[in-house]
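Trainee: Sequence:
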Amino acid sequence: MREFAVPPVVTVPDEDNTLTALWDAAENHPSSILYMRSFDEGATWQDVTSVQFRDQVVAVARGLAAAGVQPGDRVALMSATRYEWTLLDYAIWAAGAVTVTIYETSSADQAKWILEDSGATAVVAETPGMAAMVEGLSADVKHVWTIDEGGVDALTALGADADVDIEERRRSRRSGDLATIVYTSGTTGRPKGCMLTHGNLLNDIRNIIPEVPGVLYDGARMLLFLSLAHVLARILQIAGMESRTTIAHADRTKLTAVMPVVKPTTLLAIPRVFEKVYAGAYQKAVDEGKGGLFEKAAVTAKEYSRALDKPGGPGLGLKLRHKLWDLLVYKKIRAAVGGECNSAVSGGAALGPELGHFFRGVGITIFEGYGLTETSPVLSLNLETAIKVGSIGRPTPGTALRVADDGELEAKGPQVFPGYWNNDAATAEVLDADGWFKTGDIAEIDDDGYVTITGRKKDIIVTAGGKNVAPGPLEKILDSHPLIAYALVVGEARPYIGCLISIDGDILPDWLSRQGKDPKTPIADLVDDAELLAELQAKVDEANATVSRAEQIKRFRVIPVELSEDAGEITPSVKVKRHVVMEKYSGEVNALYDSAQQETKTK
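If you read the sequence shown in the UniProt record's numbering, its first letter stands for residue 1, the second for the next number, and so on.
Rather than coming from a laboratory, the hints here were simulated on the basis of the structure.
Honestly, I wouldn't trust all of these hints.
[To be verified] Simulated crosslink set (BS3-like; lysine-lysine; CA at most 27 angstroms straight-line): (1) K263 <-> K331; (2) K332 <-> K263; (3) K539 <-> K290; (4) K276 <-> K575; (5) K388 <-> K332; (6) K520 <-> K539.
Please take these sequences and the hints and turn them into a complete structure.
Mentor: The following block contains the structure:
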């Protein structure tokens, strides 16, 4: 068993909670700009200082208390990422209550389960449609406020003359008290409510901030567009407060318009976002007849990044080539994300070394990390002074990671949750008596402590020949192709490994135009298209070159539609629901093996 631990750099006092940094900022740094708040769908932006935000939090918290919300009560928050989400989150904490997050894309059935299981006494919904959906789902819910119908103003007015001591309430919450219940989006079964304490969240982020001084600092600007119902965005929200980094919230569909205004110095995104940025830049170059030049620039960027990790760094010739491509290509990519972005944080899935080296070579270092909802979430992270592209970094300060005898990664640290809400049995399955949490991921830890995830324990495929195959590495290589939205490697109890491929509907039209085909051609009409299959086969061949013959993809099929969250095939955190896709497209899966079975019968 290999274990690697890093001592903490910060210990959170018992009396601290997630509001401590806000009150400190308001009292000692009142003019620090904590947020850039957008109005008129992003047409107008307004700075919000720490003292202004603190006062707004208190005003809304007074309204919640006046409505009957008591310390320890659960208040559900269902909204897309926006300034009001953060305001309400802090107001719920200031009222002494616990925030229960619901994805804005959740169905009525999913929302009902979360509300009933958590026992939430109130809900704040973003839109009238969301409010109408949650109304009456749980008998415990006494109030429903709607952001788009003046819900924040209504709470502020309700608390204006209330006899409530918010100062006493916020001080009553200590690091060991429950701060939030975050329900796992769940690729299988009912979501489980992960209980996270104030101390879980603070220990996680306070031990990271000193290690990334060039990313999180007073005056830095961070753009949040991932769902704040996901704990990854949530911890970055808290990181902004702890470091007084200015945060701007944005709709992910409007990033092109928002980037030049906010000019973020750092971004938070999942790998799929970086893949789309790369694909978009490449497609634009191809459309301008400069595809070949872009490819040469990409090669140089990767070479330059890899050279940064070698003694002596890049040589003179590579530096000159890099400088040339910076003038011609790289600065345009940086301009697309506002022109001042030099770093980004990636999580939620493996990024892949090729993409990591490309962006670092372009001038945007992506700090890839790893964690789960149950771990608040960060367990490991590539840091400014300790980075190994392609890995998920070393354990963050205060964290110990070990690989069990069966290859499963286990974690221990102050950010590890105390358990699942109302589910002791599930807690016992993942958390042992010594506090070690079973992540469910298969991993390797090298001699320097860098961790690499090689697969998901429950996703390991055992072929009919008894070969164990981890689908993750193959899928990650395939997913890096601009045309591939999602790849799903299959082969459980089958004679060989196969793959289902979902095409990216945003990239497809441009590709069709370059092939001289109708850009409006639906995916269903292209599943047997010779040119498309040839391009995909080239990427499959690339993936196959990285594994043994028994692990190689022998056949693949194109799914006739793009997998989507609306269809229940993708989680809100952009993970494929493997069991759903396998069942829904069982015909495509069987077709991968029909000819092989027929050949066996013939023989």
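Trainee: A separate judgement is required for each hint: does it hold in the structure or not?
Mentor: Outcome of the hint check:
no.: 1; hint: K263 <-> K331; result: holds (14 angstroms)
no.: 2; hint: K332 <-> K263; result: holds (14 angstroms)
no.: 3; hint: K539 <-> K290; result: holds (21 angstroms)
no.: 4; hint: K276 <-> K575; result: holds (16 angstroms)
no.: 5; hint: K388 <-> K332; result: holds (26 angstroms)
no.: 6; hint: K520 <-> K539; result: holds (24 angstroms)
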